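Since the structure of chain P is already known, use the hints to place chain S on it.
As given, the protein sequences belong to chains P and S, one line each in that order.
Read in order, the letters of the first sequence are residues 0 to 437 in numbering that gives the first Met the number 0.
Read in order, the letters of the second sequence are residues 0 to 371 in numbering that gives the first Met the number 0.
Under the rule of at most 20 Å between Cα atoms (straight-line distance), these lysine to aspartate or glutamate pairs were calculated in the DMTMM-like manner: (1) P/K143 <-> P/E166; (2) P/K289 <-> P/E279; (3) S/K312 <-> P/D119; (4) P/K13 <-> P/E265; (5) S/K312 <-> S/E339; (6) S/K141 <-> P/E187; (7) S/K312 <-> P/E112; (8) P/K216 <-> P/D340; (9) P/K50 <-> P/E265; (10) S/K18 <-> S/E199; (11) S/K312 <-> P/E411; (12) P/K216 <-> P/D268; (13) S/K141 <-> P/E184; (14) P/K289 <-> P/D278; (15) P/K275 <-> P/E265; (16) S/K141 <-> P/E183; (17) P/K135 <-> P/D106; (18) P/K143 <-> P/E205.
By construction, these hints were calculated from the structure, which means they are not laboratory data.
Please read these numbers as outputs of a predicted model, since none were measured by experiment.
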Amino acid sequence: MKPLAALRYGWNVKVLGPAALRLQRWQAQRRPARWDTRYLAPPLRIAPRTKELVARHWLAGRYANGYRKVAWVTSGAPVELLKALDFYVLYPENHAAICGTARVAVDLASEAESAGYSRDLCSYARTDIGAVLSGKTPVGRLPKPDVLFACTNICQTVLFWYRVLAEYFGAPLVLIDTPFVYTEEAAEHAVRYVRRQLEEAVPVLERIAGQRLDERKLRQVGLLSKRASELWLEILRRCRHRPAPISVFDQFIQMAPIVEMRGDPETVDFYAALLKEVDERIAAGVGAVKNERKRVLWDNLPIWYRLRYLAEFLAQHGVAVVASTYTNAWGELAPLIDPDDLWESMARTYIYPILNRGTGHKLRTMRQMVEEYPLDGAILHSDRSCKPYSIGQMDQRDRLIRELGVPALLLEADHNDFRVYAEEQVATRLAAFVEMLG
Amino acid sequence: MEPGLPHIPSRAETIRSWKECGGGIAATLPIHYPRALLRAFGLLPVEVWGPPRVDPAPGAAHLQPYVCSIVGNALSFLLSGGLDGADVIIVPHACDSLQGLGSLLLDFVRPRQPVFPLYLPRGRRESDLQFLADECRALYGKLAAATGRAPSEMEMMESIRREEEADRLLAQLHRRRRTLSLTDRAFYRLVRAREYLPAEEFAALAHSVLDAPPADPRAGIPLLLSGIVPEPMALLDAVTERGGAIVADDLACCGRRLYPPGTRADPFHRMAERILNGPPDPTRGSPIAERLRHLVQMAQETGARGVIFYAVKFCEPELFDLPLLRRGLQEAGLPSVPIEVDLNDPLSGQTLTRIEAFLEMVAGQPAEEVRR
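Next comes chain P alone, as it looks inside the complex (with noise of 0.2 Å):
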């Protein structure tokens, strides 16, 4: 750690930048809701508060270089092991996902496109790949990376992107590598695969990081997690009560924490107050939408660049988006975390994410949902963007039409660019579907 990297740290992470963003969140609470109220309910309470806390994350990330080691990692990896080991972790994806809310994913974007990369690649690795070759990012500055961590467990395009950064950066790649289930169970050798790999990591996190690693902060690490996914499933569970509180466009920006703080104790605090404000809308008779007359499911990825114009669009109509297979994830594999069986249990919950499982096993999540929820339709986001997530969608939309007699609408974007993304096509689209609903 070096001196003067510690006391701006200190300085700007503790102190002075705190108290910024309270003011900040001060000033939030009492500015006028954006989106439109007509149809939608009142923002969420805890909005300014996850807007502090998602900023105190990327404030801590830009003054980390030379105080704290920092890891950029995928968001599906074993992330318990770097907070055990006091990493500051750092998400590209979520990075690239702020880019998108903040329309500037494009301008992003086009930098790496200038670079040589193809427009048909991820726009989130071409948005964080731009912003690696620019300097340019709406948080501030990105810390360099000590560490590469990546989980192939959501896309094996987090592998080809990382191999770059690693170019970029001369950082170590570590590599934790899922072999997909295409069956309802993984093998045992695939999970004593996944298992070997997280021990092997360990002597070479240790070594970058420069401490052992503790067991009990481990096992304390693991138990936050388990709880902070906990918390998120029952949030999310809450959405099976019409009218539903919240919206998945609610859940798209209430997920950043379980993603990027999930480990942290301020996460558990943060979802057990969501959790409590969405058990006072239900409790007050309070929807996402105000007059809820059908319920739907998003599949995929949002579309971060039109968040806001989807959720009215559809609210308009009467229509709530309650359940999201992308939102699910987070919080599904809640059970299998064991805190007593750390790793076992980490090779086990890493392999089994719905984007390392099989078209079927997605379809029949799905099914359950369209059933617990219960939901009148579905909206499959076919997001040019995510191969492994769109992939089976057609296939996915037919059979729910056919087996569950719900309409299910396949709609064409991409979850960054806004290039791919026609407004028009999509209203009407929109438009027939909803008729569709009745």
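Relative to chain P, chain S alone:
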């Protein structure tokens, strides 16, 4: 028949005669898989790289247009009855699209034949080797259930040695390609016969070419070809007609599968070891720097003066590496050109112009030694 090229049986002929002898067919998707294991079960692996120029409509009912044409065509081909003669379908894991195809086949399309996926680890650690050996062992179990056969360790080792010999000859063909008196098209017809010929037949074919007296090195601006698959083959004619000659390749279907012989005594470990020790490949997670070193070294050994990156549209493993590879090659004194293709499209006028301009540019540069 191409001059200098012995008769190469077609896929259809090979499949027919193999079946007449009581053998089965394993339709196998790209890229890496244990050929020897399939052969030990009496299954002849016949690879499905697309194929090009099929009606894409049947596949388009299941796959979005942003999925590459290798995967889209493979599904269309299967749905049109192209794989009806196969007894099993093997889907090795190489990328998200092939993963999706394997999953679709198992869950929704459900062809008549059993579908066996095979996961390819992305590293070369001991744990990767152990996992791939376990994956091969698991595949053995599935094949045993499907065929009712249970080859012994000795039979598997025999099969492995047969494949190793064929691969040794394949590597020799690659090394001696410039003095084989074969055009590029003929050379690729020959080496790509490895995708469907039994190893022993391929070995005999390779011997007949390698035993011929060496010819004078073929004229033309020496080039290196990188990518997935040299389709349409008209690409090779276009390069030749414009004064170029392919002297080495880093193609997924060819140069990236020059597996070295194994050393392990256990057949499953040996099959795994061979696959993992192959030349650098993005789908196996090889670092970009390693790929770059490999390309530069190939250029030094063969005198290649430029590189054509021939990528299938939407192929992430290829496209992610391109900018850094091109930059590194440029620094080493090797110009390169990226070309994107769709397997269903003929070579466009634009592509031909780019190849021509590239060759003119390379020809205009003094032939310097490639820098490390």
